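As they're listed, the protein sequences go chains A and B. To convert, count from 1 in the first sequence and add 68; that's the numbering used here. To convert, count from 1 in the second sequence and add 34; that's the numbering used here.
Worth flagging that the hints you see were computed from the coordinates, not collected in a lab. Computed from a predicted model, the values in this text were never measured in an experiment. A couple of the hints might just be wrong.
Said to hold, decoys possible - Straight-line distance between alpha carbons at most 30 Å, and here's what the computed DSSO-like set of lysine-lysine pairs gives:
id: 1; chain 1: B; residue 1: Lys39; chain 2: B; residue 2: Lys227
id: 2; chain 1: A; residue 1: Lys256; chain 2: A; residue 2: Lys183
id: 3; chain 1: B; residue 1: Lys138; chain 2: A; residue 2: Lys183
id: 4; chain 1: A; residue 1: Lys184; chain 2: B; residue 2: Lys110
id: 5; chain 1: A; residue 1: Lys88; chain 2: B; residue 2: Lys227
id: 6; chain 1: B; residue 1: Lys239; chain 2: A; residue 2: Lys88
id: 7; chain 1: B; residue 1: Lys138; chain 2: A; residue 2: Lys83
id: 8; chain 1: A; residue 1: Lys205; chain 2: B; residue 2: Lys179
id: 9; chain 1: B; residue 1: Lys69; chain 2: B; residue 2: Lys39
id: 10; chain 1: B; residue 1: Lys39; chain 2: A; residue 2: Lys83
id: 11; chain 1: B; residue 1: Lys69; chain 2: B; residue 2: Lys138
id: 12; chain 1: B; residue 1: Lys39; chain 2: A; residue 2: Lys205
id: 13; chain 1: B; residue 1: Lys183; chain 2: B; residue 2: Lys159
id: 14; chain 1: B; residue 1: Lys239; chain 2: A; residue 2: Lys183
id: 15; chain 1: B; residue 1: Lys239; chain 2: B; residue 2: Lys227
id: 16; chain 1: A; residue 1: Lys293; chain 2: A; residue 2: Lys303
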Amino acid sequence: MVRTIDVAKHFTDAKRGVVKAVDGVTMEAMPGSIVGLLGVNGAGKTTLLRILSTVIKPTHGRAEIAGHDVATHPELVRANIGFMSNSTALYGRLTAREMLEYFGGLYGLRKVELKKNLDEVIDRLQIGPFADGLCDKLSTGQKQRVSIARTILHNPPVLFFDEPTAGLDVVTSQTVMEFIEGARDAGKTVVYCTHIMSEVERLCDQVYVINEGRIMGVGSVQDLKHQTSEQSLEKAFLRLVRYQSEGLEAVKA
Amino acid sequence: MFRDKRVRSSVFFGPLFLMVLISFLVGSVVSNLGKPENQKLHVVRSDNPLVERLRNNRFNVIEIPSVVEGERLIRKGEARVVLQFEEAPSGSGQQTTTAYFDPKHQLSEVALGMVSRVFQEENRKSLKTVLDQKGIPETAIEPIKLSRKEVVVGEKGGAGAFIVGMLPYLIVIWAFFGGMSIVSDLVAGEKEKNTLETLLITPVKRTQIVFGKFVALSVICLLSSLSSVVGIIAVGALSLPGAGELFKGGTGITPTSFLIILAVLLPTVAFFASILLAISTYAKNPREAQSHLGLVNFLVLTPAVASQFIGLTDAANAMWVNFVPVLNTSNNIRTALLGKPDLLAVFVTIVVSTVPALIALWVAVWLFNREQVLTRV
Numbered sequence: 069m070v071r072t073i074d075v076a077k078h079f080t081d082a083k084r085g086v087v088k089a090v091d092g093v094t095m096e097a098m099p100g101s102i103v104g105l106l107g108v109n110g111a112g113k114t115t116l117l118r119i120l121s122t123v124i125k126p127t128h129g130r131a132e133i134a135g136h137d138v139a140t141h142p143e144l145v146r147a148n149i150g151f152m153s154n155s156t157a158l159y160g161r162l163t164a165r166e167m168l169e170y171f172g173g174l175y176g177l178r179k180v181e182l183k184k185n186l187d188e189v190i191d192r193l194q195i196g197p198f199a200d201g202l203c204d205k206l207s208t209g210q211k212q213r214v215s216i217a218r219t220i221l222h223n224p225p226v227l228f229f230d231e232p233t234a235g236l237d238v239v240t241s242q243t244v245m246e247f248i249e250g251a252r253d254a255g256k257t258v259v260y261c262t263h264i265m266s267e268v269e270r271l272c273d274q275v276y277v278i279n280e281g282r283i284m285g286v287g288s289v290q291d292l293k294h295q296t297s298e299q300s301l302e303k304a305f306l307r308l309v310r311y312q313s314e315g316l317e318a319v320k321a
Numbered sequence: 035m036f037r038d039k040r041v042r043s044s045v046f047f048g049p050l051f052l053m054v055l056i057s058f059l060v061g062s063v064v065s066n067l068g069k070p071e072n073q074k075l076h077v078v079r080s081d082n083p084l085v086e087r088l089r090n091n092r093f094n095v096i097e098i099p100s101v102v103e104g105e106r107l108i109r110k111g112e113a114r115v116v117l118q119f120e121e122a123p124s125g126s127g128q129q130t131t132t133a134y135f136d137p138k139h140q141l142s143e144v145a146l147g148m149v150s151r152v153f154q155e156e157n158r159k160s161l162k163t164v165l166d167q168k169g170i171p172e173t174a175i176e177p178i179k180l181s182r183k184e185v186v187v188g189e190k191g192g193a194g195a196f197i198v199g200m201l202p203y204l205i206v207i208w209a210f211f212g213g214m215s216i217v218s219d220l221v222a223g224e225k226e227k228n229t230l231e232t233l234l235i236t237p238v239k240r241t242q243i244v245f246g247k248f249v250a251l252s253v254i255c256l257l258s259s260l261s262s263v264v265g266i267i268a269v270g271a272l273s274l275p276g277a278g279e280l281f282k283g284g285t286g287i288t289p290t291s292f293l294i295i296l297a298v299l300l301p302t303v304a305f306f307a308s309i310l311l312a313i314s315t316y317a318k319n320p321r322e323a324q325s326h327l328g329l330v331n332f333l334v335l336t337p338a339v340a341s342q343f344i345g346l347t348d349a350a351n352a353m354w355v356n357f358v359p360v361l362n363t364s365n366n367i368r369t370a371l372l373g374k375p376d377l378l379a380v381f382v383t384i385v386v387s388t389v390p391a392l393i394a395l396w397v398a399v400w401l402f403n404r405e406q407v408l409t410r411v
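When you get a sec, could you build the whole thing from the sequences and use the hints?
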């Protein structure tokens, strides 16, 4: 389970002054569901995921993953999460198998458990034919599968996806989305960041529309359409985002 | 780690190849310089028997028509020494030979020195003949004799001048350059490739990650450094062409000297690895890291270069040297190779080198734990 209460992340920038990358976000994601974070580039989605994955600390508020506070027990949080982005971020000079073994070690898997999990993910994601090839030599689709394998190798209950299909071809995107659906069906808590409406409509049980660091709307896809009286998610999204812009303009005026 | 070509070349091939190459080149130059046949001697045409003596001494004698021509060749850099023999001995019976040379040309000085030794030997033979004829003992012309006796200091088998001059410098330099060649990828490169975040979201603590990187980098620095030692031992053992002249005094590497080298090198390696790691952590990307490393280079190179000359001064034995990082390491390696290590100096060096190593490591860990630094991309 993922829960945030009034989480904020403010940076001080020499040129822009105080930047509110995330500004008072409260959200919740339950096991067996996919929660979407929908926003334009720079909306604060990735910053929020970085807070949840303990890469950065919140400047305000509280966030819990699987019952552990991200600020006070980051190691326990990290043991319970898997994180995947569109950047596969593999070590090019390791083979796929070596890389998975390496990360299995970092996740604290013991030898027997590591071998069992490794065999399982290699089989499930059909990595076998290229498991002993250097990651640098793999195709984009193969790299993405290895990246998925790394994300689930330690069988975490919570999974974060940050625009995992960006730059991927249709077939590979399909593989990724099928995997995410499978994770939800297996009872995982999934937080899915994207700006692609069709993916949200297909995958997400609950959507948080985020803009300029703030939550602008919450609900299922149908709820968002209903709230905005729009026929499509895209228009609903735009309306929610524009509301904020107009509101800000009014404040500035 | 060793799948990376840069690691292989900086740890093994670079130091080994460079040591063999330097030994071969310096050895070739030194041995060739000492051979008379490699000394071109321009002689103004003469029937003087000394010309034949020089030829018999295997000098490469080249006859020229006049002194004017000889001076022209010297100015053009085509002649090192031009000899002009007087036609007849003076009233005292002394035969004067004039040597024209360029004092700024090192090879001229070398050739002149070798010619002087031939003339001294001829003079000694003539003197002996005269003394024998008059029944005067040879010792009469040398009422005061300087007798030279070498005192063995430290272990026997201390290294020759070449090793003592070069090896301390190379050992220290390779410890730095070995790590420098790969460090920009270690953190800055991981930031750029986004692999760092995949490490940061594992349950491993950040301090453990940075220590892991520190240990890996230290191993690279140490292996690079030791490869240069292995290179010297290999050149000495294999008697490569041209290297014989350089290893007359041995390599100076004994079990004792090796242990001392290792003892003073370890904290220095830790110091270098920490500095390099801190820079790589701070930099946004490998290019920024490389530009910072260029500046740090000077801080390390300056004391290392000074170590090449310190043996020519009294400072080599001064205690203050042991308080200067890098220079203290080189100087203790030098004394170890000479077979006369100073254990107090070694101890001070280890302590003094450990302090900046710990400070630099603390800085690296501190930087690695700052999210503003880690998320700089």
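Going down the list of hints, with the structure as the test:
no.	hint	result
1	B:Lys39 with B:Lys227	holds, 19 Å
2	A:Lys256 with A:Lys183	holds, 22 Å
3	B:Lys138 with A:Lys183	violated, 73 Å
4	A:Lys184 with B:Lys110	violated, 80 Å
5	A:Lys88 with B:Lys227	holds, 26 Å
6	B:Lys239 with A:Lys88	holds, 28 Å
7	B:Lys138 with A:Lys83	violated, 60 Å
8	A:Lys205 with B:Lys179	violated, 78 Å
9	B:Lys69 with B:Lys39	violated, 42 Å
10	B:Lys39 with A:Lys83	violated, 42 Å
11	B:Lys69 with B:Lys138	holds, 21 Å
12	B:Lys39 with A:Lys205	holds, 16 Å
13	B:Lys183 with B:Lys159	holds, 26 Å
14	B:Lys239 with A:Lys183	holds, 24 Å
15	B:Lys239 with B:Lys227	holds, 21 Å
16	A:Lys293 with A:Lys303	holds, 8 Å
Against the hints set out earlier in the document, violations occur for numbers 3, 4, 7, 8, 9, 10.
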